[in-house]
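Start from the sequences, fold in the hints, and give me the full structure.
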Amino acid sequence: MFYGLLILIFAVFIVRLFYVQVIKHEDYKQAALSGQLKQYSIPAERGIIEAYSGNSVVPIVLNEEVYTLFADPVYVADKKAVAEQLSKITGDKAKDYLAKMSKDTRYAVLAKKLDNKKKTAIEKLKFKGVGLRTESIRAYPQGDLAAQLLGFVNDGGQGTYGIEQFMDSQLAGTPGELKAITDIRGVPLVASKDNVLKDPVNGQKIRLTIEIGMQKKVEELLKEHLPTVNSKSGSAIVLDPNNGAIKAIANYPSYNPSRYFDVKDAALFTNPAVSSPLEVGSIMKTLTVATGLNSGAIKVNQTFYDPAQFTVDGYTIHDVAEDGGAQTRSISDILKFSLNSGATWIMMQLGGGQINEKARKLDYDYLTNHYFFGQKTGVEQGYEAPGVVPDPSEGFGLNIKYANMAFGQGLTVTPLQMAAAFAATINGGTYYQPHLVDDGKGAASKIKKQNIISPKISAQLRSLHENSVNTHYTSLIHPGYKIGGKTGTAQIAGSNGKYRTDVFNGTFIGYIGGDKPAYVIMIRINEPHVSYFAGAAAAAPLFKKISDMLIDNFSIPRAD
Amino acid sequence: MTYSSSISIGRRRFATRHQNAVSMAEQARTIGPVSNSIVLVILTCLLGLLYLTQVTKTNSSGYKIDQLKKEYSQLQRDHDELELTAARLQSMDRVAKSNAAKELASVAPTATVR
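In order, the protein sequences belong to chains S and X. The first sequence begins at 686 in the numbering used here and counts up one residue at a time. The second sequence begins at 6 in the numbering used here and counts up one residue at a time.
Keep in mind the hints are simulated off the structure, nothing from the lab. Heads up, a few of these hints could be off.
To be verified - Chain X is faced by these chain S residues, among others (derived, beta-carbon under 7 Å):
| # | residue |
| --- | --- |
| 1 | 744 |
| 2 | 747 |
| 3 | 749 |
| 4 | 822 |
| 5 | 824 |
| 6 | 826 |
| 7 | 827 |
| 8 | 872 |
| 9 | 901 |
Every residue, glycine too, gets a C-beta built ideally from N, C-alpha and C.
Here it is in structure tokens:
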């Protein structure tokens, strides 16, 4: 009897052990691991952004650790005292903290973006139920410099707008992973064979072509200049025509990237110099002349009879009264006096004497395959716009459309597209992809197309542009330096499809340098209210201010 | 070979041939199943002990590694913070507003002919 009972008890134990250890093995294993196995994502550090400051390189976007102060009210014994002590450190109001902790929640965020000093002070208090969460944000030591060019990183950690958006995958890096059996404090026990440790790959460091001193001055000059011409917004670009490197892009108005969440109008985030195409007006004549010369349709020393107006598709294109009416003109006059009739005449020469399909197709080929309009330049910016070049064969009123395009109306390009194309026409004929990231590979790696026009034609164009400045835009002269350029006063299409007559955009494209151009400068002034043509009265003076600043501060070699 | 030496060899052969043929070699010692089990248990325990010692040592190293990693991270954070502070101190706005900048006199650029 006794032995029978003993055997029964043992049998019960054995059956129970079998059930627990064999049948329920997996369940209990998972239950044990759920408490011991910890899985962390190790965040990658976002790459910093640098730029040039003279011969040195300085960081302009870095990472900063800030802290979010939170409380679990359930564990906070004396809420009033805690609120008072914390508020003394953070500078906030104690009653706000008390109100947050009085709500029915287990996670009350009391303060955000606290610095390391405040974090250390709070940690010393050792309040139960109060914690600090680390967060990495972007820091901008140069303040709001080049804000639209840089973009920002949103709360989700994604690069938004500007270089942050375009280079997001390179800047972000790849998060690491730690999967390990840990002790009660969460420290991984390295002896476990199931541990997984994958180190994060930090984001790449990006070096910009921007010269911060130049960027700063161009931004200041633009901001100071706009009120003098009664304009509310504008852009200026400084580009190195010998390699396509953008040295400065300034826009006004702008914003503070470290306070991006305060911005009410999202349009402020975009970089208008690359994302806002416009009808550039007469600065397009520089490219029309280039097309005419390079295609052989016109000769540089040629003269022609200009009736001062042409009728195309029933529409009359005419010059302004100041241009002096019908007379014999030179190619130089087209640029110097900004003759719409002269640009139309060149378009006619492309077609053998009249604007026709041949002229349109040839012009379209130059615009899209030589100057690369109608397509993104590929500059490292979010939301770049391609602009629009009308098709030469489809649509209505194509001849008048292409006649208008000869002097910069009816097609849209961004200021950067215009600057890059113009640079190619004056640097000997090489189109360099405009770029903001200095990858250290040199100018040769940035060549998009060579001989978009011949070196000979390029030299002729420089001579024409310099002649315009030396004989017409004489206020732009800076002795010892070669300066060439062209004004543009562009009509603005209204919401009814017709051009407005009350306001214009002022543009200017030009270059400065010694024996070879050192910088191309593109100016855009939106809707200035001036008493003369917007290009000459609003845009050209800013070109002058920027070119003087460059000559005075950036060691441009003088002409021999 | 001499006569006497050949006689001597013959005697030795005789002696060998007529010795007792039964082998008296010592038998090999063996241990029983109980002893075997005890030895195995002891060995297993020793191995287990060795294993536990190593695991403990490794985990102890893990704590050291964890501590060093934390120190490294802290140093990295300090470095980043100093880099940011340095960048802020060298920012153009701050330099322009510094006392040293205020004392600078404006001169016409020597390289420019106006």
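For each hint, the structure was consulted:
1. 744: 5 Å, holds
2. 747: 5 Å, holds
3. 749: 6 Å, holds
4. 822: 11 Å, violated
5. 824: Holds - the Cβ of residue 824/S comes within 7 Å of chain X, reaching about 5 Å at its closest.
6. 826: This hint holds: residue 826/S lies near chain X, its Cβ roughly 4 Å from the closest one there, short of 7 Å.
7. 827: 5 Å, holds
8. 872: Status holds, d = 5 Å.
9. 901: 5 Å, holds
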